[in-house]
Amino acid sequence: MAMAVALLLLVVGTILFHFLSPWWFTPIASNWKMMDDTVNITFVVTGIVFVAVNLFMASAVFLYRHREGQKAQYSPENKKLEWWLTILTSVGVAAMLTPGLFVWAKFVTVPKEASVVEAVGQQWTWSYRFPGRDGVLGTTDAKLITPGNPFGIDPKDPKGADDILVSSQELHLPINKPVKVLLRSKDVNHQFAVAQFRVKMDMVPGMVTYFWLTPTRTGRYDVLCEQLCGLAHFAMRGRVVVDEEKAFQTWLATKPTYAETAARVAGNAEAGRANYAVCSACHGPQAQGNQALNAPKLNSQAGWYLARQLRNFKQGIRGADDRDTYAKQMIPMAATLADDTAINNVIAYIGSLPDERTPATLAGDPERGKSLYTTCAACHGNAGQGVWSTNAPRLAHMSDWYLARQLRNFQQGIRGTHPQDFSGAQMVLMAKILPDERAIDDLLAYVHTLDARAAGPDPLPSRAALERAELPRRGM
Amino acid sequence: MAYVAIADRDHVLHDPETFIRKYIWSQDHKVIAIQYSVTAIAIGLVALGMSVLMRLQLGFPHAFSLIAPNNYYQFITMHGMIMVIYLLTALFLGGFGNYLIPLMCGARDMVFPYMNMLSYWVYLLAVLVLVAGFFIPGGPTGAGWTLYPPQSVLPGTPGSSWGIIFMLVSLGIFIVAFTMGGLNYVTTVLQARCRGMTLMRMPLSVWGIFMATVLGLLAFPALLVGAVMMTLDSLLGTSFFLPAVVSMGQPPTHSGGSPLLFQHLFWFFGHPEVYIVALPAFGIVSDLLSTHARRHIFGYRMMVWAILAIGCLSFVVWAHHMYVSGMNPYFGFFFATTTLIIAVPTAIKVYNWVLTLWRGDIHLTVPMLFAIGFIFTFVNGGLTGLFLGNVTVDVPLSATYFVVAHFHMVMGVSPILVVFGAIYHWYPKITGRMLNDTLGRIHFWLTFLGTYAIYLPMHYLGILGVPRRYYAFGGTEFLPESVQSVNAAITISALFVAAVQLVFLFNLIWSLSKGKPAGGNPWRATTLEWQTPDTPPKHGNWGPKLPVVHRWAYDYSVPGAKEDFIPQNQPPDALTPAGREQEPAS
Amino acid sequence: MSLTVAFVALLAGVVVWGLLARKLTAKPWERSAAPEEIEAGSTAGLPPAKIGLWALLAVVTSLFGLFISAYYMRMEHAHGDWTPLAVPRQLWVNTALLVLSSAAMEWARGGARRAQMDRLRTGLTAGGVLAWAFLAGQLLAWRQLSASGYFVASNPAVAFFYLLTAVHGLHLLGGLFVWGKTVFRMARPGVELVDLRLSVELCTVYWHYLLLVWLVLFAVLLST
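Chains as they are written, first to last, in the working numbering: chain A, 1404 to 1879; chain B, 4 to 589; chain C, 13 to 236.
With the rest of the complex left out, here is chain A:
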């Protein structure tokens, strides 16, 4: 009896939940409304079967529950009934399958007028490439990937020269124009997924995969990785902004071509010495840092990281939060560096300064910190040496008091909440795994024991490392 009632209530409850649930498809922003339709058809067909089978079962449990003297009926099979059920099921299956296959036929035929854009996945970040004026993407090879050529474009291929590179995690697309999204991965499997677009596809290293869509609604959409890609899989975020054509073209014009990035020269340390004069007031003549002035150690930090931070200060991406008073101080300072040449020069100068280890200022337990560091090591490297491909700066040899403050800032949303600060957003998610002050102290006590040189020299040409962070804008 209870069972029959329970089944009835479960069926009713499920239907109510289905209709009352506020969790449903996000409003669609692409041409793939047909996919939603197939889902709805499937819901109708399966819903009918769900209700019918379970109500039938509930009534059987109720009607034929054991009572004194009751005897089950004996009729081993009923050919006719079974055939009818088989046919009915086949019809239902066909009703779901046929529209699905028709829509899939649309999915596999990319419209001829579709433009092309490439999305590249890597642990744990995104970048994008447009084909430029010739409409053709240059060939690429994983073996050509260096910090200076993060897309691995073949310099000998003339078609690659005008490719427009988007090293930010934000992609813009024009509205109402079909686009074929080519997908590529540099390291492991990823998946480019935007809930509002419905379509998605894995990125597989060694292959180029694709899907196509026509964006139909302007707005900002989260890009998620939906293929497990390692420890920071859950923090791999990007963004697609669907623009009107004009706004899209304006945005695209700010991005450099491959030829422009390849022509970049390394910074000049001698020229940077003069620029550094301003910095040395706080960071010290050897860039060794000064805790009293809240200025962190800079020497031995990766150049691409310093460059990115300087640009972020200049553009108000870092120091956007009013509580971040020390970052606010850096904003006018960074403005003293007029252009990218100045930034590269000063970084080259900092890079020429000797690296001295700083004394510890925190009293944590390095043993406990070691297990906490497992998570950090995925991006920052086992020796805390920093890894350019994961956008992770060096931690070893750095000022521990400064790192502690940044971790707290990430935890409290003081840093990393600006919409353009994608790496910061990752750290916001990551810093949360440190439950309390003590964990931060322990972690940094362990980091203090690390020797960045244990990781060996940079595996890839470091000349280009300087230029990695943000590529210079066209026309600047």
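Quick caveat, the hints were computed from the structure, so don't treat them as lab data.
In this text the structure is predicted, and so the values were computed from the model without any measurement.
Check the hints yourself; a few may be wrong.
[As the list claims (entries may be wrong)] To give a feel for the contact side, a few chain A residues facing chain B, derived at Cβ under 10 Å: (1) Ala1463; (2) Leu1484; (3) Glu1485; (4) Lys1546.
[Said to hold, decoys possible] Computed beta-carbon distance windows for the label pairs: (5) Lys517/B <-> Leu1423/A: 29 to 37 Å; (6) Ala199/C <-> Arg527/B: 39 to 47 Å; (7) Phe499/B <-> Lys1731/A: 47 to 55 Å; (8) Leu56/B <-> Asn1785/A: 24 to 32 Å.
For glycine and all other residues, C-beta sits at the position ideal for the given N, C-alpha and C.
For chain A, the structure is supplied; the task is to place chains B and C on it using the hints.
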């Protein structure tokens, strides 16, 4: 008759004398079955514990700080692998297969008892190697249970240097164990049935286990091939699966390998694996329903044919796990069609289960509750499978919580409900005592309703687009705050479900000595295992004389018969002669 | 993959046909036969070990089928990194050895059928020794290959060569283990033909099967 001679001739029964020979190095299929079951349940509890920790993190992120991201990914990997292979496969085939095949077929033991014993010990070794993975530097692999390369062997994934090797080696050992067991089950079913036990008189439990074993024997090699090749890629630097990649900023060390090749191999095993778990559950639940509804299974022949059809079709649907993997999208047409075709025989099984209940005499015993619960969850999980099998419908839902909810319903909760039902059903035969009924009912209701409360809302989060395999959420604009509340509610349900399993464990142990004595055939069932001269059956099962079978396994409520069941080995002359052949098929 | 699917389909066909032949359409509830009419439930007459061996061969076929499928799929995927292997000449000699080994086993089986103990002894011993020689020859081929600079990681064709020959060799070693047990039993004083007949038959079937596998593998290696 020559035939009886064969069945008894080859069985020089090694009657064990010492304790060790009887319970440890035993060649008795019943002891081996219990060894398999206890080991599988023990390692399953470990996996259950991991799911609790994962749920706490998802429901109340950072509130307990019990697990870091690397632990989370290690736990999803280990939880999945243990539940699918080391628990469900081992329990259904090594446990129930071992116990039921000889008893239900009327054999004295498996045909190769020594190999059967070896199978268990090799399985135990596989489990130990798996567990050892937790104690090596870097811990077990965190590549997800699908172990996709390149991430499974590249830095950035937990356990990518040694954890993955331990995993692959453990799987290799498991496959050896399974093959030894599987050859035994297949040969025993084909070769050692007692007189009169034609194939079409076998209980559906045996059919399900038999077909699942055949699937396992043919499908596990695919996993072995993948495991061997991945081990070589990882240890010797070959490039079977590894293309040129820039991992952690390092220049490529491999070139040209195909990550998709592994996925094809994995799912060529992985899809049949679903049915390796499902078919025994189908078979066993058929017997539970029939026995406790006091009615023959409806459409027995259709049920057998459906098992065969599902088994064959399960080898041509594997790529429906790969619609968005980047394989040639044209494959989608073929695999969507085959996948939806497989729904037809599966649906027939469901219809026949509920038609078995119709006009039955339903005793709502604890095993029956679990069987009915299974039908409900399986219908739910099976129907959501029609979403994911249909290529277009799958694309927006793939890799979301919808998938998690679907496979947990269809291949987690459903088979586990059958496992529980089966344990409540056969425990009296195995131990001679009944399990406590009240505790059993508490166990059923909390498990059944609790799991539904876990997975129903998950489907809708999936439709919203909540991605699976995320350690924490946040920093997205399209996910509303309420997602976190649902996750918290799901975690609370999960805690209830996990806690009530302790009641079940307590019941298992308590009833061993305190349970009501069961007698030989407490459920008044027809199949042979209930007709043994002793309960629990002694070594050799049947005493001096093998049984002879005179009828199919489902003679319940036969018109004109005195009792509402006629055991399979009851000779026809004991019947009242009322002509039941004329009974119309209504 | 299609290769393996084809194999499974074939196997399914055989199984279904076999089962149909066993009245899979029978309505089991219709008639409870009188005891004297009861047909034997099982495949009467065949020893279980034989059924077990055939089941094992199906498993091994699946394994090699999948390896070969993987071989072709990897080859198709290769973007110029697949350098076809110059098959070592030694392999022709090895193939001959394995053919002879199989023939010797067949000779032994003939001995077992005709109750000629001497013939059985000679055939079985020769078959095993030739199989060992085949394995030694395979090792020699490996050494020749690595001496000419082809290591396992050099290129996928080479890696597959090592892998496939190793897997085949391991299966042969498994066979030789059973062979060793049989020879050991044969060497015991007072051994009777009955004690050996089944083992010899099973070994022979297995030997022929592994010869077949080797010929297929060799053909695959030669043709690509």
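Hint check results:
With a least beta-carbon distance of about 4 Å to chain B, the hint placing Ala1463/A at the interface is held under the 10 Å criterion. Evaluation of the Leu1484/A hint against chain B yields a held restraint, the C-beta minimum of about 8 Å falling below 10 Å. At its closest, the beta carbon of Glu1485/A sits 6 Å from a beta carbon of chain B; the interface hint therefore holds under the 10 Å criterion. With a cut of 10 Å, the hint placing Lys1546/A at the interface with chain B holds, because the nearest CB-to-CB distance is about 6 Å.
Roughly 46 Å separates the CB atoms of Lys517/B and Leu1423/A, a value that falls outside the hinted 29 to 37 Å. Hint check: Ala199/C to Arg527/B, Cβ distance near 57 Å, so the stated range 39 to 47 Å is violated. Range check, Phe499/B to Lys1731/A: Cβ separation about 50 Å, and the 47 to 55 Å hint holds. Restraint check, Leu56/B to Asn1785/A: a C-beta distance of roughly 25 Å satisfies the suggested window 24 to 32 Å.
Of the numbered hints given earlier, the model fails hints 5, 6; all others are met.
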